Amino acid sequence: MVIDGHSEGEVLVMHEAFSYSDGTKQVREWRLRPDGPGRWKGTAGDVVGEAYGEVSGNSFHWNYVLRLPVDGTEYDVSLDDWMYLIDKQTMANRSSMTKLGVEVGQITLFFRKAGK
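First residue of the sequence shown: 87, per the working numbering; consecutive thereafter.
What the hints contain is simulated information worked out from the structure, not anything from laboratory work. Quick caveat, the model's predicted, so the values are computed rather than measured. Don't be surprised by glycine CBs; every beta carbon is placed ideally from N, CA and C. Some hints here could point you the wrong way.
Result set (EDC-like, lysine to aspartate or glutamate): computed pairs, CA atoms no more than 16 angstroms apart in a straight line [unchecked claim]: (1) K199 to E96; (2) K174 to E140; (3) K185 to D162; (4) K127 to D108; (5) K111 to E96; (6) K199 to E160; (7) K127 to D173; (8) K199 to D90; (9) K127 to E160; (10) K199 to D173.
Pair by pair, the computed Cβ-Cβ distance ranges are [said to hold, decoys possible]: (11) V88 to L186: 28 to 34 angstroms; (12) Q112 to G143: 18 to 24 angstroms; (13) G143 to A103: 38 to 44 angstroms; (14) G124 to K185: 26 to 32 angstroms; (15) G143 to F196: 14 to 20 angstroms.
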């Protein structure tokens, strides 16, 4: 996964490029905007409605419904996404994916800021 972003006024635009082990690729563009002190709203092409997030200390808690394509069928799954800033270069991301209240998956990612 490669993430790049920039701002357009008060909107943060974030591009995520995914490369999966089976060779498939996916791109998601998030548009995030402030929604009050420490709160954010966001949209993306495969997100149903809006995503809602809140910053607290070194963490960001994010909830959204993702439309997930699987073998020609689309499923709407809920994501409970926690991001933790470890230091200025490193972020840990832990997500729980549920369908109808039942956990169907967990995702753990670590991000490292690229040098320029």
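Cross-check of the supplied hints:
1. K199 to E96: Judged against 16 angstroms, a Cα distance of about 22 angstroms means the pair is violated.
2. K174 to E140: violated, 19 angstroms
3. K185 to D162: holds, 7 angstroms
4. K127 to D108: violated, 32 angstroms
5. K111 to E96: violated, 29 angstroms
6. K199 to E160: violated, 32 angstroms
7. K127 to D173: Given that 16 angstroms is the threshold and the Cα spacing comes to 24 angstroms, the pair is violated.
8. K199 to D90: Distance ~10 angstroms between K199 and D90 Cα, so the pair holds.
9. K127 to E160: Between K127 and E160 the Cα gap is close to 23 angstroms, so the pair fails against 16 angstroms, i.e. violated.
10. K199 to D173: holds, 10 angstroms
11. V88 to L186: 28 to 34 angstroms: Holds: the Cβ-Cβ distance is about 32 angstroms, inside 28 to 34 angstroms.
12. Q112 to G143: 18 to 24 angstroms: This hint is violated: roughly 31 angstroms between Cβ atoms.
13. G143 to A103: 38 to 44 angstroms: About 29 angstroms separates the Cβ atoms of G143 and A103, which means 38 to 44 angstroms is violated.
14. G124 to K185: 26 to 32 angstroms: Cβ of G124 to Cβ of K185: about 29 angstroms, so the range 26 to 32 angstroms holds.
15. G143 to F196: 14 to 20 angstroms: holds, 19 angstroms
This entry does not satisfy hints 1, 2, 4, 5, 6, 7, 9, 12, 13, going by the numbered hints stated previously.
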